[in-house]
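*Asks:* Read top to bottom, the protein sequences are chains A and B.
Going by my numbering, the first sequence opens with residue 3, and the numbers climb by one from there.
Going by my numbering, the second sequence opens with residue 22, and the numbers climb by one from there.
Heads up, none of these hints are tricks.
If the Cβ cut is set under 10 Å, some of the chain A residues that face chain B in the computed set are:
hint: 1; residue: Ala64
hint: 2; residue: Gly116
hint: 3; residue: Glu118
hint: 4; residue: Ile122
hint: 5; residue: Val375
hint: 6; residue: Thr438
Since the hints were derived computationally from the structure, they do not count as laboratory data.
Note that the structure is a prediction, hence the values are computed from the model and not measured.
Every residue gets a Cβ at the ideal spot worked out from N, C-alpha and C, and that includes glycine.
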Amino acid sequence: MQAFDELLTVEQLSFSYEEDEKPVFQDISFELQKGECVLLLGPSGCGKSSLALCLNGLYPEACDGIQSGHVFLFQKPVTDAETSETITQHAGVVFQDPDQQFCMLTVEDEIAFGLENLQIPKEEMTEKINAVLEKLRITHLKEKMISTLSGGQKQKVALACILAMEPELIILDEPTSLLDPFSAREFVHLMKDLQREKGFSLLVIEHQLDEWAPWIERTIVLDKSGKKALDGLTKNLFQHEAETLKKLGIAIPKVCHLQEKLSMPFTLSKEMLFKEPIPAGHVKKKKAPSGESVLEVSSLSFARGQQAIFKDISFSLREGSLTALVGPNGTGKSTLLSVLASLMKPQSGKILLYDQPLQKYKEKELRKRMGFVFQNPEHQFVTDTVYDELLFGQKANAETEKKAQHLLQRFGLAHLADHHPFAISQGQKRRLSVATMLMHDVKVLLLDEPTFGQDARTAAECMEMIQRIKAEGTAVLMITHDMELVSSYADSVLVLHDTGLAFDGSPAQLFSQETGLVQKAKLTLPLLYEWMAFQEEVRDEATVTSH
Amino acid sequence: MKQPLHLINPTVKAAAVFCCVVMLSFIYNPYTPACFYIIIVAGVLLAAGIPLKKWLLFTIPFLILAFGCVWTAAVFGKVPTTPDNFLFQAGPISINSDNVSVGISLGFRILCFSALSMMFVFTTDPILFMLSLVQQCRLSPKLAYGVIAGFRFLPLLKDEVQLIQQAHKIRGGAAESGIINKISALKRYTIPLLASAIRKAERTALAMESKGFTGSRNRTYYRTLSVNRRDWVFFCLVLLLFAGSFLVSLCFAS
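Extracted from the complex, chain A is given alone in its bound form (with noise of 0.2 Å):
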């Protein structure tokens, strides 16, 4: 093996989609060994998912970008005729969204489909799917049809694929931005101990680093023009280059916020920060909402077709505050928020308005009451400049054409309000959508997973701009997967699970208790409160001990 330790060389590689367009990525050389596990880090749009693509030879032919430098895999160029050809079976990549990286319906035959094209004959086939299947404990998906799978099942599918191809090198482009928490730090831990069973190399592209950086010893990381900006120990990045992390938008783990003020040595591991004690101060305690009640749900009940979505649902916003909407994948987080703005009809139960029913406004009454921020929010747009945009459905007049340029100015959209909304970045897109809806005076805003997608900075940006809002009075009620979002900025919190309202309180509350209700709603503790509990532990076991 001695020579060919090195698997994928990359040199001096650049790619742009258009000839005489600015590169995504440029001037990128690295190494990778055999069986090394390196972190690909930099903020949203630097291109890191097009080089993923160039490593394993799709891109330039796929999109006719061009690209210059070169990619040799075992030391062969990957433009070669020969190592093109048998290119995909050496780097398998796992995309981001699991909707869109099937094109069979089963999920044995998405799993054949691969090798089928490998062409391993049939009877090797059955064995290597079943075999896969019993490794990721999936088996008895196995007949079962893609669509009617949870997103956390279907990223283990996509992974299943890959690995009965047997790669040696395998990319994720951030496999589990979609999931919920739970099934998104399982995705981790069973990747983490394939990599260690199987030896494949491993290239993640990610930007919630919390459960990979402790394992993954190598960080590589492009800035914003896609230079390489740093390459080195995960550990020693984030120990000594901090600051330079922090300034391209790259999200610095938990880990390393919580032990700031402890002098323990450097730690990604938080079994190792554990072992300290929590310094004073830590726990924010906040005040519960104290605002009027603006929107009063009770006893709302929804269902499709015969299947209860929830039942018996009795909430309300308070002006002024941010309450998030947390819960499993596919428990209908969504489909409530739809029901509140009126855009479904619920079974039964209602819901107050400033102590009318909803029914009682009319439409465009409503919806100047109201906003609602998609997840995707590409559907919300209608004109063809970001300007036009923000006038969507107003008055022309000087005041409304003041108030679009200031909303524009606050969102730093201002230099782009010629362009076309579908033309923007998606952070952009993100804050635009937003903006539109503050063109009225709303006085409840909800909003789909707001930070979803998007690199630390932009995401920081997005829940400022929340609290902005939230500070002029309006009531924000916010579906998101991220409770380290919930902890530091809601105020209070409802949990969503199994067709009911499992929990309204504050944020404290549910993480403290001992309910087991932050397991079954498949969440995860904040980093602090996982401390606490662990700590808490430690004590219950001294005590039993001592007796």
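Go by the hints and put chain B onto chain A.
*Replies:* Just chain B now, kept in the frame of chain A:
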């Protein structure tokens, strides 16, 4: 769900349906299609396990169409009414048997086409049909797997339209009453729908390629479909039944 008709090789089944459709197009008497229709319905209900209710429900629109055909042919038929073929008087129009017979022939032809198509659609797994076309008819895998991947998108598309509708409703101001508003709403839906469809298609294509799909015929198959004796028996049986219906018409005609 594995009824005899489900087990027939999809390509053979499609070929049988196609042959029948072509032959029916050349027959102008009303007896052959009528007789053949009865045979198809009996066969399908016995050998395909399709619930009668479902079958009837899907037949209704074709029945209306067939009746329309009979009526149109009877009323507007070219053959002039003579005392020999006069049937009855409907207001100012006299109906004659020649025109009615043409109408009935057309009507049953429509019903036969519908019954054959329904037989095929209800008893064939679309994925297996595509795979069978690749394996038996040397259809390019590139095309076949493209169609299969596209097939997955249909239900997603419906959800997406619904979402866009809701999202636009939120934006207010866009009342969707009146034809002009509806047309402009359609235009507003098109761009986001196209944008996301293109993106989805691209991502799926990338995912397929990254699993080593090149579109070439050099591949093995997890599900191999073959044409065996049972399929040939089925094919011949269908042709025989058709020939039988044709003979029946000869008896009636003489």
